[in-house]
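A.B. asks: Full structure from sequences and hints, please.
Residue numbers (the numbering used here): 767 to 999.
Fair warning: there could be bad hints in the mix.
To be verified - Below, a list of computed lysine to aspartate or glutamate pairs in the EDC-like style, where the Cα atoms sit at most 16 Å apart: (1) Lys-866 / Glu-825; (2) Lys-791 / Glu-863; (3) Lys-787 / Glu-863; (4) Lys-785 / Glu-821; (5) Lys-967 / Glu-957; (6) Lys-903 / Glu-953; (7) Lys-967 / Glu-953; (8) Lys-785 / Asp-819; (9) Lys-829 / Glu-863; (10) Lys-903 / Asp-943; (11) Lys-785 / Glu-825; (12) Lys-867 / Asp-789; (13) Lys-867 / Glu-784; (14) Lys-867 / Glu-825; (15) Lys-829 / Asp-789; (16) Lys-866 / Asp-789; (17) Lys-787 / Glu-821.
Claimed, not checked - With beta-carbon atoms standing in for the labels, derived distance ranges: (18) Ala-989 / Ala-955: 12 to 22 Å; (19) Ile-897 / Asn-832: 20 to 30 Å; (20) Leu-978 / Tyr-906: 11 to 21 Å.
These are computed hints drawn from the structure, not numbers from a lab. Don't be surprised by glycine CBs; every beta carbon is placed ideally from N, CA and C.
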Amino acid sequence: EAGSEDVLFNGLSKILIEKRKVDPKRVPAEVMERLSEYTMPGVSSATGIAARDLERLVEALGKARNGIIIYGEELLKRGDPVFVNSLLVTALMTLSELLKKTADTRSRVMSLKPSGNSLGAWGLGMASGDIPWDKVKAAYVLLGEDEGDEDVLGCLQQIGFVIVQASRPSPMMSIADVVLPSPIWAERAGEYVNMDGRRSKSGQSLLPRGDLLQDSETLVRFAKKLGHDLSTG
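C.D. replies: Here it is in structure tokens:
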């Protein structure tokens, strides 16, 4: 059932230990203590998953090699931020670490973020929480080739001053007070973070027309006008 995900993850961890898929001696004492409250009947009741199905799932997890736990952005929207950060994510990581101990596999957690390269933005702390739109007086939107989200567009319409840096016309550009040009994907080079958290490089295959700057150069020059130095050397 929705809202019982932390119980499921912790319950699976506890069952892995009880079924000797993981040697209890290899589990930290604080983890054992945290998992002590979970029982098969309790987990089954809270999640709505039959005990036999939980056992089958644990059996499959115990046999997995190079397993991946995938979760989407909707999972992180449930409950308050304290609940999400302190319980749900901890439960996910605990399960992943225990799976690594079942047979020294390479189990890992993969986060499905809402759009291209947004995992990189999360890693930089740029997308870790909601934007307090009622307190925003100005916005700089690095849109690139995207058209933008309708919900964000509605919020931007309430803001006094909007700058949009984009590659092509869009509804978001139409409400901007200032529009700055942005190269298309083939005209830029840089780094991106893929779905499973690996950092990769992308090369530039086309030269931009005229004196079009890379997005990073535009940001550095714009910041300099405001008295800030964003240059990297």
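A.B. asks: Give me the numbers of the hints this structure contradicts, sorted from smallest to largest.
C.D. replies: Hints 6 and 19 contradicted; others consistent.
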